[in-house]
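Going down the list, the sequences are from chains Z and R.
Position one of the first sequence corresponds to residue 4 (our numbering), numbered consecutively onward.
Position one of the second sequence corresponds to residue 4 (our numbering), numbered consecutively onward.
Be careful, since some hints might not be right.
Since copy identity is lost for identical chains, a pair holds within one copy or between any two.
What the hints assert, rightly or not - Taking lysine to aspartate or glutamate pairs in the EDC-like style, the calculated list, with each CA pair at most 16 Å apart, reads: (1) 61 / 48; (2) 6 / 69; (3) 6 / 19; (4) 6 / 48; (5) 6 / 36; (6) 61 / 36; (7) 61 / 20; (8) 61 / 76; (9) 61 / 35; (10) 6 / 57; (11) 6 / 20; (12) 61 / 41; (13) 61 / 77; (14) 6 / 62; (15) 61 / 19; (16) 6 / 77.
Simulated from the structure, these hints should not be mistaken for lab results.
Now for the letters of each chain:
2 protein chains.
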Amino acid sequence: MAKFMDVHHGMAGITEEQLRTAHRADLAIQADEGVTFEQAWADPESGHVYCLSEAPSKEAVQRIHERAGHPADEVHPVPLIV
Amino acid sequence: MAKFMDVHHGMAGITEEQLRTAHRADLAIQADEGVTFEQAWADPESGHVYCLSEAPSKEAVQRIHERAGHPADEVHPVPLIV
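Make a model of the complete structure from these sequences and hints.
Here it is in structure tokens:
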């Protein structure tokens, strides 16, 4: 298992309710791929959304996001944490 | 006070020790601007570093990073968190 930070672009105008709904859609199916989404942060102005997860691979993270209807634009392993 | 996610590009090859040293340089002066750096995640392969902070403004975050010798490429307020 490893930590991943994924980034969604183009989400300008996202509301708290939309972020919550999207996150819940991930949580509902994340176990299928052994992924745990831990937290998500959104900037409605620039349209960036950052998701932190623990997962077996970046592909596993992306598969959950795709099935939940919001594929990530970037998925980065972040093995270094302070 | 608000939450911010800032991003550094071009840090490919960064080591755990370098990340720790850079983070400590931020912590040492963050109080000057009322900033609290909470966590940082690095991907040595792509060279992305993500820093989460609480601060009075994005300019305050950037001033600390600049004085510490590693200006951010992006600083985003992230008012929505799940």
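Structure-based check of all given hints:
In this assembly of identical chains, the alpha carbons of residue 61 and residue 48 lie at most 16 Å apart only when taken from different copies (13 Å versus 27 Å within one copy). Taking the shortest alpha-carbon separations for residue 6 and residue 69, neither the intra-copy value of 18 Å nor the inter-copy value of 27 Å comes in at or below 16 Å. Within a single copy, residue 6 and residue 19 get their C-alpha atoms only as close as 24 Å, which misses the 16 Å cut-off; across copies the closest is 15 Å, which meets it. Taking the shortest Cα distances, residue 6 and residue 48 sit within 16 Å of each other only across copies (14 Å), while inside one copy they are farther apart (26 Å).
Taking identical chains as interchangeable, the C-alpha atoms of residue 6 and residue 36 lie at most 16 Å apart only when both belong to the same chain, with a minimum of 14 Å there against 30 Å between chains. In this homomeric assembly, residue 61 and residue 36 come within 16 Å of each other (Cα to Cα) only inside a single copy, at 11 Å, whereas the closest approach across copies is 36 Å. In this homomeric assembly, residue 61 and residue 20 never come within 16 Å of each other (Cα to Cα): the closest approach is 26 Å inside a single copy and 24 Å across copies. For the identical chains of this complex, residue 61 and residue 76 are intra-copy neighbours only, at 12 Å inside a copy versus 24 Å across copies, given an alpha-carbon limit of 16 Å.
Taking the shortest alpha-carbon separations for residue 61 and residue 35, only the intra-copy value of 14 Å comes in at or below 16 Å, while the best inter-copy value is 38 Å. With identical chains, the CA atoms of residue 6 and residue 57 are at most 16 Å apart within one copy only, with a shortest distance of 4 Å there and 22 Å across copies. For the homomeric pair residue 6 and residue 20, neither the shortest alpha-carbon distance inside one copy (26 Å) nor that between copies (18 Å) is at most 16 Å. Proximity of residue 61 to residue 41 under the C-alpha cut-off of 16 Å is restricted to the intra-copy arrangement: shortest distance 15 Å within a copy versus 24 Å between copies.
When the C-alpha separation of residue 61 and residue 77 is checked against a cutoff of 16 Å, the pair qualifies only within one copy, where the shortest distance is 10 Å, while the shortest distance between copies is 23 Å. Taking CA atoms no more than 16 Å apart as the test, residue 6 paired with residue 62 passes inside one copy only; the shortest distance there is 13 Å, against 29 Å between copies. For the identical chains of this complex, residue 61 and residue 19 are neighbours neither inside a copy (26 Å) nor across copies (21 Å), given an alpha-carbon limit of 16 Å. Taking CA atoms no more than 16 Å apart as the test, residue 6 paired with residue 77 passes inside one copy only; the shortest distance there is 14 Å, against 21 Å between copies.
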